[in-house]
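Let the sequences and hints guide you as you build the complete structure.
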Amino acid sequence: MAAINFSELLVSSVDDIKNSLATLHALISQLKNNYPDKKPPEFKQLEFETNRMNNSLMQLLTLHKIDLSHFSLTIDEHSAADILEDVAAQQSSLLSLGSIQLLTQSQSDLFCYCDATHIINALCTLVNNAQHYCLSKVLLSASQEGDYVVFCLEDDGTGYPEDLLRSDQKVPGLEDTTTGNTHLGLVYVETIAQLHVKADQKGFITTDNNSQFGGARFKLYLP
Amino acid sequence: MTINLASKKILIVEDQAIMRETIKHIMVTFGARHIIEAESGLNAITAMRVDKFDIVLCDYNLLRGKNGQQVLEEARHLKLLPINAIFIMVTGEQNPEMVLSAIDNKPDDYLIKPFNQQQLLIRIDRCYTRKKFLRSIDNKIDSGNLYQAIECCEELLQLNDKKMHLPLLKLRAELAIKVGDFKSAEAIYQGILQERDIPWARCGLGVVAFFLSFYDQAIETFQNLIKQYPVMLEAYDWLVKAYESLGNNESAMSSLNLAVELSPLSILRQKKLALLADKTQNLPVAKKAYMATIKLGKNSIHRSSSDYAGLANVYLKSNAPNEALKIVYELNQQFRNDPEAKLRSALLETRIYQAKDNKTLAQQAYGKAFKLNEEFNRQVSRELRLEMAKTFFLNGNGENCDEILNDLLKTNIDDKPFIKDIELMCDAIIGEEHANTLIQEIKKELVDINNKGVSLFQEGDIQGALAIFEQAITKTPNNHTINLNLIKVLIHDLKASQLASEKILRTQSFINKAIEIGVPHSQLSSLQKELTSLKENLSITS
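Sequence lines, in order, name chains A and B.
1 is the number of the first residue of the first sequence in the numbering used here; add one for each residue after it.
1001 is the number of the first residue of the second sequence in the numbering used here; add one for each residue after it.
Source of the hints: derived by calculation from the structure; they are not laboratory data.
Every residue, glycine too, gets a C-beta built ideally from N, C-alpha and C.
Keep in mind that a hint or two might mislead.
[As the list claims (entries may be wrong)] Listed below are the simulated DMTMM-like cross-link pairs for lysine to aspartate or glutamate, each with C-alpha atoms no more than 25 angstroms apart in a straight line:
(1) Lys1317/B with Asp1427/B
(2) Lys1132/B with Glu85/A
(3) Lys1132/B with Asp76/A
[Stated by the list, open to error] Using C-beta positions, here's what the derived DEER-type ranges look like:
(4) Ser1381/B with Ile66/A: 53 to 63 angstroms
(5) Glu1220/B with Ser143/A: 36 to 46 angstroms
(6) Lys1079/B with Asp16/A: 16 to 26 angstroms
(7) Phe6/A with Phe1030/B: 52 to 62 angstroms
(8) Asn1061/B with His64/A: 12 to 22 angstroms
(9) Leu1159/B with Ser143/A: 23 to 33 angstroms
(10) Pro41/A with Thr1029/B: 21 to 31 angstroms
(11) Asp37/A with Val1028/B: 12 to 22 angstroms
(12) Leu135/A with Lys1079/B: 54 to 64 angstroms
What follows is the structure in structure tokens.
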């Protein structure tokens, strides 16, 4: 038997599973149409889990490509308000099934230079999680802080656990062996942030529990 | 939402019934009334022949037959898509701009699966708003009037729409490059880069360097871009062109090979790789690329008998005449009633049977080629005619060979790369000075015609001069000087006689043509200004 190229097999399989997920997603949205008024609560979890699976697969694929140097960002100028609108749109199906409120806030003339697809994916992952951990609301805002455009996510949950808190710019331990949690989402967001460079400045992320609503706060800095 | 879906004709191209239903449901929920569904690329094309759609949502991975890109290429090629229509490619790929990037024919936008109703509507709405904003420019580009497109672009820039500012500058610079106004393009790109390091602006500077023939500088720019953005296919495409212009086909081929690895589904890149590998005698790469091109061509508007001929030639060069014959057989099967394909296969058979030392069959095939050439000569592509000239010479028929060469040289005299191909062929087979002698004769003839026209013009015989240049342009349609002189005389005639809109239109069409064949901006822009002011006079008087 010829040696298998595991890398290629992995990529094509993940692509294939992603296609299945897209079909599954379409099926769920069709099923939902059968309940014009109140939708059964299971839909919320279905939506959350399919989002999560899709995000994880996409992140794995992207990180794998970065690892192989088969990846580059598509940098262009984007309106921050558009990016927030895209994130809110992606999260809208999940939001419509629960009572969580997603607020967005940004000036209309704020622009940033980034790969919009990946920044939106990163923010969607974070908002998806925040919806899971918050009590009633999540605020996603964009603003200029010095040389950086900052996307900030604040919720009213119980905040990040100790091991995820950091204000420095260091990459966290990839894997927490005791819980098996890989923090894939955070690794992805951080990696994408760092690929955004302007002269000697790099993108970075911070996490703390200083949300104006008393929960977790996440900030993504883009130069 | 600014778009009103109720009045729009919408086409959904998607092979999975469930996805089609979902998309349709979303569109109907938001007021759409005219929706057509197609589950294959072929049906999509058929639907576009019947209806003019405003919005096309097309899946990239269609299970059978054409993929989404092939649908787009065919629709644009056959002009089935109205100029202001929106074409959105739906794909599971996270980096579609990169991975699916074709050499030409990009969709208006991509939509990444899975998506919900909000995401779909936002994508359509933004696309619609952008297209509507750029409508005046798109219309001018479509009619071939690039100078007016530039004017529209300048006007829109005055509106100071912040979101559209950079996209407009990008378009403005690209238009400047198209008309050959490289200085303006350079200034725009540099202005942008002073503010911010944007990859496409850096690439643009490389393109400007390329057109100004600063090839080393262009190559350095593209290489640096690729180092930083290893998946930026546009930079690879230009890098390949720059290497080719330096005559460094080896480097061109290896760069293109990398781009093909990144985008194996792009037929035009595969085709170009096959040709370059063929030129550099890299037969294994050529064979692989020709095979890929043939496979991709099965559902593509870019399908061509030349790919089969290329592959057969590679087999012939690799001393495998029987394999070559098999490909010729396949060529005949695939392209029935196509004169170009018939001529190709006759030429190939001639060479294959010669290689197999079968004189009777070789002679038979040559006779067939001879007859086909008599019947169709001007209808087939120039590269095939060159091949025909070569075969004539090799079979001792120098007269017919020169007849084709003369015609090819006349119609392409200002097309340097093609003239180079002719020279290379002549040098290798006929003799060092042969091409040069023919070229000098044609150039002398052109100078004579021009002098005659110009002196008639100076003597005040405008109609006489016009007749000379109009006759000349039918014989040498792509000659810069004759085109320019014809435009000058036409404008003079317009000024002297009563203004007539059809004359203005005709003059404009020659200017559009002159841009297309690469007449420099420095020579054209003042003529365009004169014509534009004549046009304005006409609209004032009428």
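Which hint numbers does the structure go against, in order from smallest to largest?
As far as the earlier hints go, 4, 6 and 7 are violated by this structure, in ascending order.
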